[in-house]
Every structure is written in structure tokens, then in C-alpha cells.
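Enquirer: Chains as they are written, first to last, in the numbering used here: chain A, 1 to 295; chain B, 1 to 761; chain C, 1 to 167.
For the record, the hints were derived by calculation from the structure and aren't laboratory data.
Hints may be right or wrong, so weigh each one.
[Stated by the list, open to error] DSS-like mimics (lysine-lysine), calculated; alpha carbons at most 27 Å apart, straight line:
| # | chain 1 | residue 1 | chain 2 | residue 2 |
| --- | --- | --- | --- | --- |
| 1 | B | LYS62 | A | LYS5 |
| 2 | A | LYS210 | A | LYS237 |
| 3 | C | LYS132 | B | LYS631 |
| 4 | C | LYS153 | B | LYS699 |
| 5 | A | LYS267 | B | LYS629 |
| 6 | B | LYS675 | A | LYS38 |
| 7 | B | LYS62 | B | LYS29 |
| 8 | B | LYS429 | B | LYS629 |
| 9 | B | LYS29 | B | LYS56 |
| 10 | A | LYS43 | A | LYS161 |
| 11 | A | LYS267 | B | LYS631 |
| 12 | A | LYS38 | A | LYS267 |
| 13 | A | LYS43 | B | LYS699 |
| 14 | C | LYS74 | A | LYS5 |
| 15 | C | LYS6 | C | LYS19 |
| 16 | B | LYS29 | C | LYS15 |
[Claimed, not checked] Here are the computed distance ranges between Cβ atoms for each label pair:
| # | chain 1 | residue 1 | chain 2 | residue 2 | range |
| --- | --- | --- | --- | --- | --- |
| 17 | A | ASP261 | B | PRO155 | 32 to 40 Å |
| 18 | C | LYS163 | B | ARG19 | 32 to 40 Å |
| 19 | C | TYR5 | A | GLU64 | 39 to 47 Å |
| 20 | C | LYS163 | A | GLU64 | 45 to 53 Å |
| 21 | B | ALA706 | C | ARG123 | 42 to 50 Å |
| 22 | A | SER262 | C | ARG123 | 40 to 48 Å |
[Unchecked claim] Just some of the chain B residues that point at chain A, by a computed CB distance under 10 Å:
| # | residue |
| --- | --- |
| 23 | MET627 |
| 24 | ARG753 |
| 25 | LEU761 |
No experiment lies behind these values; they were computed from the predicted model shown.
C-beta atoms are modelled at their ideal positions from N, C-alpha and C, and glycine is treated no differently.
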Amino acid sequence: MYDIKALYEAESVEHAVALLVEHPEAQIIAGGSDILVKMREGKCAGKELVSIYGLDEMRGVSFEADGAIRIGSLTSFSHITGDPIIQEHIRVLGEAVDMVGGPQIRNIGTIGGNTCNGVTSADSASTLFAWDAVVEITGPEGVRRIPIQDFYIRAGVVDLKPGELQTAILIPKKAYEGYQGHYMKYAMRNAMDIATTGCSVNVKLSEDKKVMEDVRIAYGVAGPVPMRASGTEAAVKGRTVSGENVKTFAGAVLEDIRPRDSFRASKEFRQHIAVVLAERALRESIRLAGGEVDE
Amino acid sequence: MYVGKNVPRVDARDKVLGRTKYTDDLCDKSAYIARVLHSTIAHGRVVSVDTSEAEKIPGVVKIFTCFDVKEKHYFPTAGHPWSTDPDHQDVADRLVLTEEVRFYGDDIGAVVAEDEIAAAKALRAIRVEYEEYPFVLDVQEAMRDGAPRIHKNYPHNILKHTGTRRGNYEEAIKEPGLTKVEGWYDTPTVQHCHIENFICYAEMEGGRITVTASTQIPHIIRRIVGQALGIEWGRVRVVKPYIGGGFGNKQDALYEPLCAWLCMQLGGHLVKLDVPREDTFVSNRVRHAIRSHIISWVRPDGTYAARKLEAFSDQGAYASHGHSIAAKGAGAFSQLYPCDNIEVDAYTVFTNKPVAGAMRGYGIPQAMWAVEAHTEDVAARMGMDPVEFRRRNLMPVGYVDAFSRNELYDDTFNQCLDKAMEAIDYKRKYKEYQNQTGDIRRGIGVAVFWYNTAVWPISLETSSCRMVLNQDGSLQVQLGETEIGQGADTAYTQMTADVLGVPLENVHVVSCQDTDVTPFGTGAYASRQTYTAGFSIRQTALLLKERILKYAGGLTRMPVYNLDIVEGVIVRTTDGRRLMTLGELSTEALYSLKDSRHLTAESTSQIKSNAYSFGCTIAEVEVDIPMCKVKLLDIVNAHDAGTLINPALAEAQVHGGMSMGIGYGMSERLIFDEKTGRPLNNNLLDYKLSTFMDHPRLKAVFVENAEPTSAFGTKALGEPPACSVAPAIRNAVYQATGVAVNEAPVNPHNLFRRFQEEGLL
Amino acid sequence: MSRQYKLVSCTINGKQVEKMVDVRASLTDMLRDDYRLTSVKRGCEVGECGACNVIIDGECFNSCIYLAVWAQGKEILTLEGLAGPDGGISDIQQAFIDEAAVQCGFCTPGFIMSAAAILEAKREFTDDEIRKRMSGNLCRCTGYENIFRAVKKTMLQRLGKEKEGIL
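Construct the complete structure from the given sequences, taking the supplied hints into account.
Expert: As C-alpha cells, then:
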């Protein structure tokens, strides 16, 4: 039994918005793997909930007219991993969310929930950051779209105004076309775990596979919210594919990231791992893109 | 014959059908729900408790605070047999609710409500005012002058200290040419993590109280509930259904006394107390963290001249099983590698942490971590092969321990080492993994373990058994020794069938213990049951057989000495003729107008022997140095548990123990906030129990030297598999990297620190 | 405060059922308390142990963190539904018995449901894939070894490859 004051089940996105406007104190519940756990802990016990779990219109992966990949916010992790569009164009996202918890969690957990709870350790978030994802938000005023970096305000807080809900996540065509990427989750065990640090890297190589035309890197648990390491990206963008440049890239991340001490890991340990992950994830991304790192 | 065969578990079918009933499945829905109010400070005194807001919450029945406990019946909690000698009784330091707070999570109140939501709300609404005292979390800090005193009768917080002296250490170390090897070794606080949390419910009937509990030790719980409530023990009835694992945590009185007390305060209304997972980590029991300091003086030929151990065992806030754990480990140190000159000092020390009690291995996993890490260090220092060094110094065949009179009858250690080495291709791998370089390296490591079965002569060993024959020649078997998942009921079934001479399916072991009807037995612990119950089963079955054959003699007019029971048939041994079935005999006996008998037997065996149970682990690892990660590639355990009653179930037991050992060696550790004493990772996400993806295939091999003292040639196997796994992993990492990790677990945090210290990062 | 209830109609173990359910209930609560399907166990109540695992519309879910009202219109399978109405047990249940994959039995229902989902896929998985698909369930008794054997053996049997053996 959960300490739920009242439960309102939305029948459409529009209805969900109306319910949220009508019950401004209510929390949105999508898959519930986060909110129900919090409720049991007493953190949001006694609250009203607006359930959007039944909104199948918010499920699935498709193309927008402009070629952007649209992922409905209620799409479960396992469905993202298994989706043919994801597998063809942004396989790394499917791989990243396949590292969340265990199979049951990946069936109930949604990409919308994973981003809306605003936590830095979300396995989907660093890859979404690294692929310039755009968040679609629907509210009383209609639909608005913002870059995912702007969606995160601070730890646990995202840019959802009263009456709003996240309805989709989009990966623009120019953000995925020609890129290959790799996500590495560092955790203390191989399943049912939270990321100590997560690192998602992707690269676009020149036609001859000798030059890194673009490199993007994002982290989870390297700061209070997921983050891009922009300085690091700039350091190697346009440089040749080489062991030395890979090392330069990895070493540069320490300037960008701001991990902290927690009982889960020390700041020093997270810094060390962030560098190792950057190097390995870039190497793998280059390999996936058809490049070869000479030593 | 059924002993030695892989018969399927007698309870497996119901379990795979989901029909097996555990405590929560049996509790009536009319039960009130009890939740415990835990302290949010580590040390101090409850000054006041404001329940006014909580009482207003609809559904709250009653709130009890520590101040409501008017009659203070202090009780011990350890699942030990009671001692009639006051000097050997466990320390009675618990009350059902306490004003004196000794750890973060102590039991200071309880809410009883109509449902779990009201109970949870009420808990959050209670305001507690404390007087706070300084607290101490580290075992050696707690022994210092001026450290906060946790129990007034224990200066320096030392619950108990034992010292053992053999030979003359101080003189022996003067021998010329000795090499001194010294090390400190630490094991963490870990928790049992049975998947069924502790749960119990209590109700009164006719002035008596019945507690149904997920426990390993129903008869002991009856005594403790009686002590805690201050009522006659005969007014307490304890029922133990199937339980979802125990591993020692449920070898302790957990909340049975409180639940019974709450029930009595409420006029006997049914009260259920179901412990949430988070509380299980904190307010049940944990494994003692033990810090060990070992010094060895080694001769150039690789033999020991003198050895010394100091062990500091972290008891947490209450005595529970107390010094027994450290004492068992200290005994193992002295015996595993016998040496003429030994000094051992073991201290069990109170700290403001969760209470440590029994956990699979009972001090031996801690001791083996220290001893086998140290042994590896000594071999390396002496430039000797780690296996050869062990073989040279291990307990020799014929060794007899003066106190327990345990004897090593067979060349168990060498046989186990040989078998394990063969199973994992040790020699080739050990050679191949010498002197590696690079980021990713492999290693293989060995550790042996010492264990002894049951608790005699430290404590009582007794087992009682009852057998009742049915009309059809089948029988019920009852024992106080409990099924907790290990397969005890199946082993009892096999033993009974063999001794009595009946088909397996005709033996019905009554799995549920009910202290009103089950013969007395102390329960599941100390890997004792197959050994100890074996005596009472054989004795009782022989008694019943004698009665059956005597009756058969009367019916058949044959002399009893010419009769036997074979697969449920009375057979004339002289010519093998089948005279009648046991069913025919039993029906006749019950309904006979001439000589009606209910054929039953019941007897008690007091066991005054004990048996060594030894073996080893070999682990192979791959270490990713930059990632500070160890991958376990392969692992094998070898055991000599005597004759195996059921090899398949024995193998399964070994797998489970290995798994617990893998967690102990690689990932598990309960951690506490230094500033508050609050546990930080008391949930299954942050407490790193191994998952399906963290194990390689597990291998178990056996040496079967029949144990001569045993009723069925068998001896301990429940706990031994967890004893040597962690140090074997540590030693494999040592071979791979040259880095000795002396603080368990060998997890990324400890590896990061050690690799930095050793310059690998 | 008045309690809120909702009529929930769904199929449980092949049978169409309907009951008024407290909206605060988890699916675990509903299955255990309203339908007495006690194979669904409570081990952590936060989705970390898998003891309450059931199959909903072909996928595994921890029923402890699944609202009962969401069951509306769904097809739910619990361990009780794997055995035939005449008591005949399924191959995977038999394999758990034969491979000594059962000890205390408390995690067993959740594991068998994860295994059932694997078998329903009707394809051969690698050892690592089996491990991954079973990794949402924790067990403290078995070390997972015999559970692995039972699942792999049944998978191969169903694919007509039992001769390949599990090792």
C-alpha cells in the first residue's frame, strides 16, 4: 500500500494537463519506479498523483518530418533498446538504457521518468546530452521544445512549469547523422546498480577516418546534474585520430567535471574513473566509426 | 539405500508451485500492523517522546514508547542453548524497548495500527527528544581510555577478552635466522540478506501466547520470549513455518519478544511485525567486523617458530552472540597451522553500531581472511610456493585438539587441495600468471579453511526425534532441528528411510516446528543438524524398528532376530520371504482387538562429540588496474564433509556459501556516517550483494572421508563453503598485481587506494 | 478522508477477473490480498530483489512498484498460472526441482517468472544473455548456479537441443 492521497488517471495528454492544472500539488507518476520508492520512504507520502502510465500515445519511437528521432516519454527502456530506429541510428542510447537496473526495471522505467526526476546518475541522460537531445514539453500554453541541457535546472529539479509534462525526447537529424558513440557505465556490480560515473562519447570522423571532425562527451555523476564536457570536446575537435589525441582528450575532462564525495564513491575516485572512461569510450567510438587509433 | 543418492528435495515441488506458505502467507488479515520506532542518534538517552500528533492519525491503534515498559525483564537474544550455569549464560542486556540508546536504529518505541500506511505515518509523526552522548564506531577506539562507555559494567567496552598461550612466544622469537612477517587484516560489517525479511506475528489464546516467526530456532525463541515477558516458558508457543533463508540472522531473538509484548499489551489481539528491508540491515543482526593483527616468525625452511594473533571483534551495541564468534576464530588460528609457540588475544568490544550476531561461518570467514591473507604474505616473503608452504604447515593427520577431542583422521587438506587444483588447472595457470605487466592482468589464489561441526563441548548438543507410524506403514518424523532452505528435511527423510527400511515416499518429515508438539531441539546453526539430528534419527528409528519387529514377531510367530524391514516389508531374513507389509502390520496393530498399539518412538540424543570439516577455495581473477576492477573468472571449492547424504543438495549448499563468500570478498560492506553513526547503504541497491551477472560458473568438488564419530559418516557443510572464498580472491589479486589488499572487500574503492599506494596508478 | 477505490478488470492466470481495488494498492497487494496468490513475495518493496516478479502482457514487472489500478485490461501471469489446472507442472518448474535450484524457495517464484519470460522468447540465448535476463532477481541461497542450469537446460530442451548439455 502506498500513502497516496488521491490518484487521477489521465486519459490523454490534454487530460493530463487539465488534471495537473486542477491539482497543482499533484505529482506525475509515469512508470513509478522512482516516485513509488520515494513515497515509501516518506519523501512524498500523502501526495496526490496524476498517473500518465496509461497514455499509449506517449509510447514508441518514430521519425519527425525533419528526420529527427522522436522518443515518446513513456517509452520503456527495454522498448527503446529493442526499437529498430534506435538500433540503426543511435544504438548507443539503446545500450545505455539497457544498463539501467535489471530487466524488470527496464520494463517499467521510462525515458521520461529517467530525465524528469533530474538525477545525475540516470543512465539515459548522459547519452541524451551527448547527442544534443531536445525535450518536448506539453502544458496549458501548448508545446515547447528546449535543449536537454536547459531542461535540467539543478539536482532533482527540471524545467517543468505548473501544468506541464514532458511528452517526448527528440534527437535532431544533424545530431545523429554520421556519428557513432559508446556509453560506459561504471558501477560496483554488473546489474541492479546505480552509476558511480557514466560516460557517453560519440564521434564523427572525416571520410578517410583520419580526423575527428566532431567529438561529444557527456557525463553522469560528474556534477549535480548530467553534463557535457565542452572544454574537452574543443580540445580534440578537428584533430587527427591518434593515441596521443585520445589521451589528451581523456586528460582534459578533469577541467570540465565537478564530481563530489559521497558515500557511494570519493571525488578522487570518480575523477580517476572519468578519465579512464573517457579514453576507453572514445577509442570504442572511433572503432565503431571505422577509425583506427594508432599508438 | 537412499543416503548418498540425489533424491529431489522433499519440499521442492511445493516451492516451484508457489504453494509453500511462509509466515506472511499464514497471517490472518485481521492482524494489527506493528512498526518499530528506531532512534536517530547513535548514543544517548530518550528524554521524552511526543506521540500526540501520531495518535491523531486515523487507523492508529496504540503507540508504545520505551517509557511504557514498566516491568524491566532484561533478556539475552543469542540463539544458544540455555545454560543452567549462570556463568555460562548469555548476557541479558536487551529490553523490548529501551530508553538508553546505544546505536543508530535502537528500538525506542512501537506503533500499532490497523494498516501499514497508518503505521508508517505515525512513525513519521512521532517526535523524540534525546540527551545525546558521544559515540564510538571503531572497535579499537572503543577500547581507549576515555572512550564513550556503552554498557556500565564493561570498562573499555570490552565484553570479553580471552588469551591463549602455548609454549613461550617471547623465548621462541629469539631463535636465530627467523623472518618476522606482520600484518593487519580487516573484515567489514556485512548482513545476511535472506530474501524473506524477518517477520513474526503473535496472538493469545487461553492465557497463552503463540508467536509464529521466521526463525531458525523455535525452541530457543520460546525460552527467550518467556524471559522477555517475565512469564512461564510453558505459556509461550512458538510456531516456525517455512522460512525464506536465515544464515544466522534468524538464530537470534529478533522481534519475537517485542511482538509478543505488544500483543499482550493489546489484550492478545493478533499483531504482525514485518521488518522492512532497510531495518533488516540495521536492527536485526550483522556479521562481526574483525580486525586482526598477526605476527609470524618463520624459519628459513618455511616452518613457524612462533605466532601471535590479536583480534578485535566489533560487537556493536548489544551482546547477542558475543565473544563466541571471536573465540571460534581464535581457535581456528591456533589449530589450522599448529605451532609450538603461540599467543592469542581476542577481544569482543561494544561499539555504537548495529548488533553483531551469528552469520554463516561464525567467525571463521573473518579469521580465514586474516590467516589466509597472512599465509600468502608469509609464503611470498619466504619465496615459497603458496600451496607447498601451506602443505608444509597445515594441521597434520592425527592431530587431536585437547579441548574438543576433535581429531583429524584423514589427509583432508592435501586431498582437497589436490582435487581443487585439478578442477581449476591450477598449476598451469599459476605458472602462466607469474610476473605480468600491463593494465589487465590475471591471477590465481588459494585459501584453506578450518571449521568444526556443532557446538560441543562449549555448549550443549542435543537432538530429539519422534516417529509415528501410520496405518499404511508410512510415518511422520518430527525434530526440533529446522529446515531453513538448506535441505535438512530431505536429509532427514533419507536417513530415516534407510535406518527403518521403508521407501522414501513413506517418510513424512513434519517441516513446521511447533513447540507445543515438536520434540525439543535447538535448531539450525553451527552446521550441526545433519550431524546431530543424525544421532537422534538413527536412535529413534532403531527404537521404532525394534517395536515394529517385536509386534511382527507376535503376529508371525517368528523370532524377532530372524526378522527385518526391507523397503516397507517385514522380511524373514533366513530365507528372504516377505511376510507382510508394514502397512498390514500397522493397521493390524492399531485396530487389533487383541493387542492394540500405536507404534511410535521418541528419543533424545545428547551428542558429546564434534567433527572437523575442512576444505579450500581456489579463485582465478582478471584485474583491470585502471578501472580498479576485479573480474572473477573461475572458482572452485573443495570440501571434506564426510559422507554426503545428498550430493546434489550438498553441491547446492556449497554454491550458496561460495556466493556469500564472493560478496564478502568483492563487494559487500555496510557503511556508516562518521558524523552521526547512521547507516548509509542499508538497502539492496547500495549494499552490493552479488547478482546473477557477478558470478562465474561455480564449481564444487568433494572428498568423502566418512566421519567416524558420526551417525551417518557426515559432518558440517552448511557454513564451511563461505569460509575461504574471500581470501582466495584476495590472494589471486595479489598474484595478478603484487598488491596485497588487507581490508575486505577487494572492491574498487579499496583497490583504488591500494593501487595508488603501490604506484600502479 | 474517504478511501478511493476503482474497479479493476483483468486476466489473471488465464481467468477474467474483476474486483474493487484500493487505488493505493500495489499489484503485489492486490495479487496477495485480494486474489491470495501468495507466490508473489515481498522482499524489499522497492524493486530491487525481484521476489514479487510477475509477467504482465508478456513482460516481467516487479509487482511491488506497479500500481494495482494499472492492471486494468492487462493479462497477468503469476507462478500459480504456470502449472496446469490438473496440477501438472511445467518444464521449467520441473527443471528447478531436477537441478536442485530451489533452496529456501522464497525467491523461487520470481526467478521462475523471469525464466518463463526467457523461454517465451523461443530463441537461444548465450550464457551471458541468460544471466542478464535473470539479473533482476536476487538469491542468497543458490549462488545462481543451479538456477542457471535449470534455465539453460529448459531453453535447450524447448529448442530441441537438449543433447548439447548445459556446460
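Enquirer: Hint by hint, say whether it matches the structure.
Expert: Tested hints:
{"no.": "1", "hint": "B:LYS62 with A:LYS5", "in the structure": "23 Å, holds"}
{"no.": "2", "hint": "A:LYS210 with A:LYS237", "in the structure": "12 Å, holds"}
{"no.": "3", "hint": "C:LYS132 with B:LYS631", "in the structure": "16 Å, holds"}
{"no.": "4", "hint": "C:LYS153 with B:LYS699", "in the structure": "18 Å, holds"}
{"no.": "5", "hint": "A:LYS267 with B:LYS629", "in the structure": "17 Å, holds"}
{"no.": "6", "hint": "B:LYS675 with A:LYS38", "in the structure": "25 Å, holds"}
{"no.": "7", "hint": "B:LYS62 with B:LYS29", "in the structure": "18 Å, holds"}
{"no.": "8", "hint": "B:LYS429 with B:LYS629", "in the structure": "20 Å, holds"}
{"no.": "9", "hint": "B:LYS29 with B:LYS56", "in the structure": "23 Å, holds"}
{"no.": "10", "hint": "A:LYS43 with A:LYS161", "in the structure": "21 Å, holds"}
{"no.": "11", "hint": "A:LYS267 with B:LYS631", "in the structure": "24 Å, holds"}
{"no.": "12", "hint": "A:LYS38 with A:LYS267", "in the structure": "26 Å, holds"}
{"no.": "13", "hint": "A:LYS43 with B:LYS699", "in the structure": "45 Å, violated"}
{"no.": "14", "hint": "C:LYS74 with A:LYS5", "in the structure": "25 Å, holds"}
{"no.": "15", "hint": "C:LYS6 with C:LYS19", "in the structure": "8 Å, holds"}
{"no.": "16", "hint": "B:LYS29 with C:LYS15", "in the structure": "24 Å, holds"}
{"no.": "17", "hint": "A:ASP261 with B:PRO155: 32 to 40 Å", "in the structure": "37 Å, holds"}
{"no.": "18", "hint": "C:LYS163 with B:ARG19: 32 to 40 Å", "in the structure": "33 Å, holds"}
{"no.": "19", "hint": "C:TYR5 with A:GLU64: 39 to 47 Å", "in the structure": "41 Å, holds"}
{"no.": "20", "hint": "C:LYS163 with A:GLU64: 45 to 53 Å", "in the structure": "51 Å, holds"}
{"no.": "21", "hint": "B:ALA706 with C:ARG123: 42 to 50 Å", "in the structure": "47 Å, holds"}
{"no.": "22", "hint": "A:SER262 with C:ARG123: 40 to 48 Å", "in the structure": "41 Å, holds"}
{"no.": "23", "hint": "MET627", "in the structure": "6 Å, holds"}
{"no.": "24", "hint": "ARG753", "in the structure": "9 Å, holds"}
{"no.": "25", "hint": "LEU761", "in the structure": "7 Å, holds"}
Taken one by one, the earlier hints fail for this structure only at number 13.
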